[in-house]
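Protein chains in written order, with numbering that gives the first Met the number 0: chain A, 0 to 398; chain B, 0 to 132.
To be clear, the hints were calculated from the coordinates, so they are not data collected in a lab.
Calculated pairs, DSSO-like style, for lysine-lysine (alpha carbon to alpha carbon, straight line, at most 30 Å):
1) A/K306 <-> A/K322
2) A/K321 <-> B/K88
3) A/K306 <-> B/K84
4) A/K296 <-> B/K84
5) A/K125 <-> B/K100
6) B/K87 <-> A/K380
7) A/K296 <-> B/K87
8) A/K35 <-> A/K125
9) A/K125 <-> A/K24
10) B/K88 <-> B/K5
11) A/K158 <-> B/K100
12) A/K380 <-> B/K84
13) A/K230 <-> A/K41
14) B/K88 <-> A/K380
15) B/K13 <-> B/K1
16) B/K88 <-> A/K296
17) A/K306 <-> B/K87
Now for the letters of each chain:
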Amino acid sequence: MWYFFSPDIIYGEDALDFLENITGKKCYIITDRTIKELGYLKVLTDKLEKLGKTFDIFNEVQPDPREELVLRVKHLCNSYAPDLIIALGGGSVIDTAKVIWAMYEYPQYGIDDLHIFNRDLYDLGKKAKFIAIPTTSGTGADVTYDAVISRYNNGVWQKLIQAHRGLVPSYAILDPIFPIGMPPNLTLDTGMDIIAHAIESLIANGKNEFSNALATKAIELSLKYLPIAYKNGKNKEARDHLHQAATMAGLAFGNANLHIGHTTGHCLGAVFTVPHGKCVGIMLKYATQYCLNNPDKDDLSVEIYAKLAKQLGWAKWEDDNKKAANLVIEKLRELYREVGFPEKIQDLGISNGDLEKNLDTLVNLCFQDASGSMSPRLPSKADFENIYRYAYEGKDIDF
Amino acid sequence: MKILTKEWLDAFGKAINDNPAYSEAASWWEGNMLCVIEPSGPLDREVRFFLGLYHGECTGVKLVEEGEEVDVEFTLSGPYDNWVKIAKKELDTIQGVMSGKLRLVGNMAKLMRATRAAQEIVNSLQNVETEFL
Ligand SMILES: [Fe+2]
Chain A
0 MWYFFSPDII
10 YGEDALDFLE
20 NITGKKCYII
30 TDRTIKELGY
40 LKVLTDKLEK
50 LGKTFDIFNE
60 VQPDPREELV
70 LRVKHLCNSY
80 APDLIIALGG
90 GSVIDTAKVI
100 WAMYEYPQYG
110 IDDLHIFNRD
120 LYDLGKKAKF
130 IAIPTTSGTG
140 ADVTYDAVIS
150 RYNNGVWQKL
160 IQAHRGLVPS
170 YAILDPIFPI
180 GMPPNLTLDT
190 GMDIIAHAIE
200 SLIANGKNEF
210 SNALATKAIE
220 LSLKYLPIAY
230 KNGKNKEARD
240 HLHQAATMAG
250 LAFGNANLHI
260 GHTTGHCLGA
270 VFTVPHGKCV
280 GIMLKYATQY
290 CLNNPDKDDL
300 SVEIYAKLAK
310 QLGWAKWEDD
320 NKKAANLVIE
330 KLRELYREVG
340 FPEKIQDLGI
350 SNGDLEKNLD
360 TLVNLCFQDA
370 SGSMSPRLPS
380 KADFENIYRY
390 AYEGKDIDF
Chain B
0 MKILTKEWLD
10 AFGKAINDNP
20 AYSEAASWWE
30 GNMLCVIEPS
40 GPLDREVRFF
50 LGLYHGECTG
60 VKLVEEGEEV
70 DVEFTLSGPY
80 DNWVKIAKKE
90 LDTIQGVMSG
100 KLRLVGNMAK
110 LMRATRAAQE
120 IVNSLQNVET
130 EFL
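Only chain A is shown next, with the shape it has when bound in the complex (with noise of 0.2 Å):
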């Protein structure tokens, strides 16, 4: 047995005017206060005034959200008692509301009660229905059911990754009207992150028919529309395509896994203060080489690269497997180039003796970053070592 869950996913222009079908009158809406100066915040509640319904607002999430405002924000939902939540914003926002719906459903739970063995949490949404309408084409926070708090923890801040199938949203709205304000730089880190995610998901040890389809539809659209996206923000094609691209390649991800791309680019990015989309876009490239050069002749990695460069038609049905997939390092390339995303890690401005002072940091959180084991080739500490190394030069991966 196995599974593929999802939301409800309505998508396209006026996808927002969907509400209206949504039974339920009092809403509680979770945003934060860029989203509520951007006017995006207004947009929403300007539609549920119009459709006569009430709401309520809290719009302090702060990006990588802390237990202690999760448990504030909790009291003040089930205070309110709404029939549906509303999540508007980016990853954090769309975190945070999803640990407050299965608070809301059961006041008595804390953070911790939010895990994998808990099978209540199957049975979310008796109280009210959660809709996630995410204001970035990127994390894919709308489909996934992990959600990432922070706690402090004897002198450290810990990521606690709360992850259970039934935190999966009850809907995703993907309304174009909000991405479209995006700037180019956020559009292209967040872009990079959705091409991470698809071509990840491919060969991740989760993969399945289900998470492949959609992951190669997502890198499909991706490709063309990201350089237009980024480079003419208000084409609304542009945006619409890569706000449905980041919900297929979540999709993907969240039903199959990520691996050593996002683990290596997760600890670059904490460890040097780096944007997700950035670091993730840059490892991504090292990290597929990797893969493609596993000396285990049962790996698929090559075949299943290969057949996707086929179904694009970047190859030849009949080309050579190897040659075919080493055709998604060559697109990735192209793409780098033709958006100007930087292709190694010194161009962020890290200094080389900085890296090889912060590697064995670095290497030790890869080992307990549980995107880790997803790979279908696991890295000795050696090889954490040289991809980093490898990354930090722009050199392709030779081992």
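Based on these hints, arrange chain B with the ligand on the given structure of chain A.
Just chain B with the ligand, lined up with the frame of chain A:
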């Protein structure tokens, strides 16, 4: 070696220590584990074994007698058939836990940081000649 015998378990502990990838991946790990193999398929009684795990090393293994108490940080339980799938690498340990095929008692946040280490324990088992029931 017949699975779940003392001889097999000793070989398992030795295989963990002979696997450099485990010591690299688990250099930070502190936490002993109890594995509970519940009757299913050809196994007609419950078998429990202890794995001492500290800083990338397997510090000891032991079959735990019925009624015997052991002090562990994590307990992983499930039916024999599911354990066999893990041992044969047909099922990933963490996926097994995530899908409820195995149950874990212990600190989940800590376990989520040890997915690679868990995988290397299973990889070590590949080097033990195992005769299944
Ligand atoms: Fe990501």
